[in-house]
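There are 2 protein chains.
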Amino acid sequence: MRESDWIQRYIAPLVHAPGAAGLLDDVAIVSADGPTIVSMDTLTQCTHFLAADPLDTVGQKLVRVNASDIIAKGAEPVEALLSVAWPENGDEAEFSALMQGIGRDLETFEIALIGGDLVGTSGPLTLTLTLTGRCLRDGPVRRSGGVAGQTLFINGEIGWGGLGLRAAKKGGSPDLVRRYRVPQISPIAAAGVIAEFATASMDISDGLLMDAARLGAASGCGVQLQLESVPLAQASENIEEIIAQCVPGDDYRALISAESDTAIPGFTAIGQLIPGPGLQLSHRGVAVNTPSTLGFEH
Amino acid sequence: MRESDWIQRYIAPLVHAPGAAGLLDDVAIVSADGPTIVSMDTLTQCTHFLAADPLDTVGQKLVRVNASDIIAKGAEPVEALLSVAWPENGDEAEFSALMQGIGRDLETFEIALIGGDLVGTSGPLTLTLTLTGRCLRDGPVRRSGGVAGQTLFINGEIGWGGLGLRAAKKGGSPDLVRRYRVPQISPIAAAGVIAEFATASMDISDGLLMDAARLGAASGCGVQLQLESVPLAQASENIEEIIAQCVPGDDYRALISAESDTAIPGFTAIGQLIPGPGLQLSHRGVAVNTPSTLGFEH
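Residue numbers (our numbering), protein chains in the order written: chain A, 1 to 298; chain B, 299 to 596.
Excised from the complex, chain A in its bound form (with noise of 0.2 Å):
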């Protein structure tokens, strides 16, 4: 790899923003028009992909991973800085497949790629990418803005990384493998409904039992989940299958609270904010018990 012909080569043509200067300078330059927010996430082979994805997908996951944090904010993805470090024995039409993936979902999420960094690596493949978001209203729509008594929703399937992983793992359909590569997540459109509705808000990364804990505790609140409400990849009475969806992660959708009596489009309510601690599910109005293990940190 000679790094300076390879970003010409590859990266440069996915850049078209004039603050990028075509990747011939230094730095580029930030829009900046009305607040906006950052996410920086690090993919790396073996702990976040598995070696036998193929690179095209992992450029997908590491701009949607990102995505999906802006998006669960109230905000739209703007411009995207690369950081790719190559392992020395990486075939340059294995790189070629990593940044058609990643030029594939810029386009789908429209996003600009500004800038960044290639280097090369005696490790496995490692991948940055930060993210910049425009807020669609005064600022981010934070964790920490839930009240008691106020409806939890999300807005799309949970279980699907996880039945994916399994799948990836141990041979199965290709379509559920894909549902792992490529997670659905949160549309551009969901950030409007986010922004206009959401008292606190974000992305169901570590899955949702550990993810809504955690919007509870940063709302001073404790949780209640009616399972039977969550719409599941695979639709379940038995509380074990309920339970092993909601768990695995890599799921990226949005997890949300707001007024109670609102009907929120594109999203289902699930539970609610409740005073004090701690995470309480139950199903068809029966108590569940809290599993120990509530996610995995992607």
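No wet-lab data here; the hints were simulated from the structure. Yeah, the Cβ is synthetic: ideal placement off N, Cα and C, and Gly gets one too. Heads up, a few of these hints could be off.
Restraint ranges, calculated between C-beta atoms of paired labels, are given here [stated by the list, open to error]:
1. B:Gly-518 x A:Gln-8: 17 to 23 Å
2. A:Pro-18 x B:Gly-576: 27 to 33 Å
3. A:Arg-178 x B:Asp-303: 29 to 35 Å
4. B:Glu-538 x A:Arg-178: 55 to 61 Å
5. A:Asp-5 x B:Glu-390: 38 to 44 Å
6. B:Glu-595 x A:Ser-229: 51 to 57 Å
7. A:Gly-278 x B:Glu-392: 33 to 39 Å
8. A:Arg-178 x B:Pro-575: 48 to 54 Å
9. B:Glu-392 x A:Glu-3: 25 to 31 Å
10. B:Ala-533 x A:His-16: 43 to 49 Å
Take the given structure of chain A and dock chain B to it, following the hints.
Leaving out everything else, chain B in the frame of chain A:
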């Protein structure tokens, strides 16, 4: 390593900006008071630092290589996001040392840490910093603004990076080793001088000769350097010894062009932008052959 524990124990104490929300949310709010630029640099063990380098010095270098980019653009460093991919067998005392070094230089360069990511890796330590800067004029001083006839200036000695690396690899004086591990970069005050006087500017990370050629090419000019004018780590009249200090890079001082009749505080004139392409070297009026290797990409 439990990521959330280490974030709270070692990283959160470095965070004071209100936009960071105490690292308890998913995104940070970027300050944007005037034109804002951003750089992103990645350091990975063996490629950018040695396994024997103490991690507090690696942390300082990470901040410095980014701050150098921002200052050379005529901007003051403002806010940073930090990604750490931490080796699975790395111990907590080393992580603490890394954060002490980062914290020390965040303070030196008046940078507010506002977010980032911490992940485990089966490979070598890999660090990425994204750094914003506030431009001290209407935008960044680009590489491309130079005009033939203008003078080239630098603001520090060239050669310490290469001499220090050799000392670190082969055993040399601790002072020299430290020059490689914790490079002396342009001070913050240089940003104001660059914003006031420079027509083009960049930091010299990959070697004076390579970077001077790049600044010239970006400005559509050739470059003439008078080698006897270059302030060197080890003064010499021997052409080979002079060239040997100008090629290795890792020096992180600013190279600028400016109107030729200007005296620029803290800067030394070393050459000129000339019509036509190419790099021409001379020593006390005698032409010197341009070496085949001009520098190294860091």
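Here is how each hint holds up against the structure:
Between Gly-518 of chain B and Gln-8 of chain A the beta carbons are some 18 Å apart, a value that agrees with the proposed interval 17 to 23 Å. For Pro-18 of chain A and Gly-576 of chain B, the hinted distance range of 27 to 33 Å is satisfied, since their beta carbons lie about 29 Å from each other. Our hint of 29 to 35 Å for Arg-178 of chain A and Asp-303 of chain B holds, since their Cβ atoms are close to 34 Å apart. At roughly 59 Å, the beta carbons of Glu-538 of chain B and Arg-178 of chain A sit within the given window of 55 to 61 Å.
For the pair Asp-5 of chain A and Glu-390 of chain B, the supplied restraint of 38 to 44 Å holds, since their beta-carbon distance comes to about 40 Å. Distance hint check for Glu-595 of chain B and Ser-229 of chain A: the Cβ-Cβ separation is about 55 Å, which falls inside the suggested range of 51 to 57 Å. Take Gly-278 of chain A and Glu-392 of chain B: their Cβ atoms lie about 36 Å apart, and the range 33 to 39 Å holds. Distance hint for Arg-178 of chain A and Pro-575 of chain B: a CB-CB separation of about 50 Å, consistent with the stated range 48 to 54 Å.
Against the hinted window of 25 to 31 Å, the Cβ-Cβ separation of Glu-392 of chain B and Glu-3 of chain A comes to about 28 Å, which satisfies the hint. Range check, Ala-533 of chain B to His-16 of chain A: Cβ separation about 47 Å, and the 43 to 49 Å hint holds.
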